[in-house]
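J.: One line per chain: the protein sequences are A and B, in this order. If you read the first sequence in this note's numbering, its first letter stands for residue 1, the second for the next number, and so on. If you read the second sequence in this note's numbering, its first letter stands for residue 105, the second for the next number, and so on.
Possibly wrong hints are sitting among the right ones.
Unchecked claim - Below, simulated SDA-like cross-link-like pairs (lysine to any residue); rule was C-alpha separation at most 25 Å, straight line:
1. A:101 / A:74
2. B:171 / A:84
3. B:171 / B:290
4. B:335 / B:321
5. B:171 / B:335
6. A:84 / B:133
7. B:316 / A:84
8. A:101 / B:321
9. B:336 / A:5
10. A:101 / B:272
11. B:335 / B:273
Claimed, not checked - Just some of the chain B residues that point at chain A, by a computed CB distance under 7 Å:
12. 129
13. 130
14. 172
15. 199
16. 210
17. 214
18. 298
Stated by the list, open to error - Label pairs and their in silico Cβ distance ranges:
19. A:58 / B:208: 45 to 51 Å
20. A:65 / B:297: 48 to 54 Å
21. A:65 / B:110: 52 to 58 Å
22. A:36 / B:233: 26 to 32 Å
23. A:101 / B:207: 23 to 29 Å
24. B:184 / A:95: 17 to 23 Å
25. B:256 / A:82: 30 to 36 Å
By construction, these hints were calculated from the structure, which means they are not laboratory data. Every residue, glycine too, gets a C-beta built ideally from N, C-alpha and C.
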Amino acid sequence: MSIWLVMISLGLLTFATRLSFIALMERIKLPVMFQRALRFVPIAALSAIIAPELGYLNNSLALSPFNPRLIAGIIATVVAYRTKNVIWTITAGMLVFWLLKIWL
Amino acid sequence: METLTQAPTPSREFWLGVRGELPILFGVVPFGMIYGILALSAGLSPLDAQAMSSVVFAGSSQFMTAKLISAVTPGLIIILTGFVINLRHALYSASLAPYMRHLPLRWKAALAYLLTDEAYAVSIIHYQEPGDLTNKHWFLAGSGLTLWTSWQISTGVGIFLGAQIPAAWGLDFALPLTFIALVVPGLKDRSSTFTAIVASVAALLFFGLPFKLGLIAATFVAIAAGLWSEKK
Chain A
1 MSIWLVMISL GLLTFATRLS FIALMERIKL PVMFQRALRF VPIAALSAII
51 APELGYLNNS LALSPFNPRL IAGIIATVVA YRTKNVIWTI TAGMLVFWLL
101 KIWL
Chain B
105 METLTQAPTP SREFWLGVRG ELPILFGVVP FGMIYGILAL SAGLSPLDAQ
155 AMSSVVFAGS SQFMTAKLIS AVTPGLIIIL TGFVINLRHA LYSASLAPYM
205 RHLPLRWKAA LAYLLTDEAY AVSIIHYQEP GDLTNKHWFL AGSGLTLWTS
255 WQISTGVGIF LGAQIPAAWG LDFALPLTFI ALVVPGLKDR SSTFTAIVAS
305 VAALLFFGLP FKLGLIAATF VAIAAGLWSE KK
């Protein structure tokens, strides 16, 4: 299959996914339970993206103090909690990450 | 008598959206550049690599697609994998839908095209704040277009730079850091914190599932956990 066919198919599927509820919800009445669940969507999805980025090194679980991504991620979490500032969080995380990579 | 609240103008909402998205770009621009670099090293032509950023326009699935193409994976598997990775956007769609009922279909389609993790994350915060809904979709237009433009440019820069930025710098790490900055300030009560913890643990446990299904599985488990802890 050509790369373009793959790209266009994936692009259309992704667009349809993004449009799905925005376009259809007028016609469907969603259960209350579902509406309450939506509040947790951003937290759940983004956390599920973050954790493996921190906890895995080269496709194997690395929950150790010698994993620079894990330690830098934990420190960035503390900074994000304290400052609520995106730039401080990224700066602190990257600096710790680079320092640990030099030391470890 | 009813109190009249004036809705902010479209252009004010638009620029608020642009401004809301700017800090996020610190994480997105390096990610886009690394995508450009990786796509070339995976064997895509510069044109293919650039086109994917506007045709698919979803970072993690673009990385995966480039990786799978270099491993000579059958096209159908690549499409299925990318589709599963992007399934979480259906949840974003459901979460924004109640705020977009009043919009014509062409607006809904345009905003759906721009609906990425990063644009969603800042826009949902804005939508959930009290205020007149009339022009709030311009906020998502502003944040979405800002992200779209920087994604195209950073991809282009990555393609241009080729392999000149050493992978050892680990600039891709800026992306999870960006997501941390977006999620953590939103953990205001026990059930949202619980949701984040369950999502993290589940994502680590499910990481090995085929076709990257772990991401969507962990998301659903965590949402269920959040609902359960809210009821208690």
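J.: Now look at each hint and say whether the structure bears it out.
T.: These are the hints, each one checked on the structure:
1. The suggested pairing of residue 101 (chain A) with residue 74 (chain A) holds, with an alpha-carbon distance near 15 Å, which does not exceed 25 Å.
2. Proximity of residue 171 (chain B) to residue 84 (chain A) is assessed by CA-CA distance (about 34 Å); at most 25 Å being required, the pair is judged violated.
3. A hinted pair counts as satisfied when its Cα atoms are at most 25 Å apart, and residue 171 (chain B) with residue 290 (chain B) does not qualify at roughly 33 Å.
4. For the hint pairing residue 335 (chain B) with residue 321 (chain B), the CA-to-CA distance comes to about 22 Å; that is within 25 Å, so the pair holds.
5. With a C-alpha separation of about 42 Å, the suggested pair residue 171 (chain B) and residue 335 (chain B) falls outside the 25 Å cut-off, and the hint is violated.
6. A distance of roughly 21 Å separates the Cα atoms of residue 84 (chain A) and residue 133 (chain B); the hinted pair therefore holds under the 25 Å criterion.
7. Distance check on the hinted pair: residue 316 (chain B) and residue 84 (chain A) sit about 30 Å apart at the alpha-carbon level, beyond 25 Å; violated.
8. Restraint check: the Cα-Cα separation between residue 101 (chain A) and residue 321 (chain B) comes to about 32 Å, which exceeds 25 Å; the hinted pair is violated.
9. At roughly 49 Å between alpha-carbon atoms, residue 336 (chain B) and residue 5 (chain A) are farther apart than 25 Å, so this suggested pair is violated.
10. Distance restraint check for residue 101 (chain A) and residue 272 (chain B): the Cα-Cα separation of roughly 9 Å lies within the 25 Å cut-off, and the hinted pair is therefore satisfied.
11. A threshold of 25 Å between alpha carbons decides the hint, and for residue 335 (chain B) with residue 273 (chain B) the separation of about 45 Å lies outside it, so the pair is violated.
12. Here the hint on residue 129 (chain B) is broken, as its CB sits about 9 Å from the closest CB of chain A, past 7 Å.
13. Annotation: residue 130 (chain B) was flagged as interfacial toward chain A, and the flag holds, the nearest CB pair being 5 Å apart, inside 7 Å.
14. The criterion of a C-beta within 7 Å of any C-beta in chain A is not met by residue 172 (chain B), whose closest approach is roughly 9 Å, and the hint is violated.
15. Hint status for residue 199 (chain B): holds, given a least beta-carbon distance of 4 Å to chain A, under 7 Å.
16. Contact between residue 210 (chain B) and chain A, as hinted, is not supported at the beta carbon level, the nearest pair being about 11 Å apart and thus beyond 7 Å.
17. Taking 7 Å as the C-beta contact cut-off toward chain A, the hint placing residue 214 (chain B) at the interface is violated, the least distance being around 10 Å.
18. Violation of the interface hint for residue 298 (chain B) is found here, the shortest Cβ-Cβ separation to chain A being roughly 9 Å, above the 7 Å cut-off.
19. For residue 58 (chain A) paired with residue 208 (chain B), a C-beta distance near 48 Å keeps the hint of 45 to 51 Å intact.
20. Separated by about 23 Å at the C-beta atoms, residue 65 (chain A) and residue 297 (chain B) break the suggested range of 48 to 54 Å.
21. With their beta carbons about 54 Å apart, residue 65 (chain A) and residue 110 (chain B) fall inside the hinted range of 52 to 58 Å.
22. Between residue 36 (chain A) and residue 233 (chain B) the CB atoms are about 19 Å apart, so this pair departs from the stated range of 26 to 32 Å.
23. Distance hint check for residue 101 (chain A) and residue 207 (chain B): the Cβ-Cβ separation is about 47 Å, which falls outside the suggested range of 23 to 29 Å.
24. For the pair residue 184 (chain B) and residue 95 (chain A), the beta carbons lie near 39 Å from each other, so the given range of 17 to 23 Å is not met.
25. Between residue 256 (chain B) and residue 82 (chain A), the C-beta spacing of about 34 Å keeps the proposed range 30 to 36 Å intact.
Of the numbered hints listed earlier, those contradicted by the structure are 2, 3, 5, 7, 8, 9, 11, 12, 14, 16, 17, 18, 20, 22, 23, 24.
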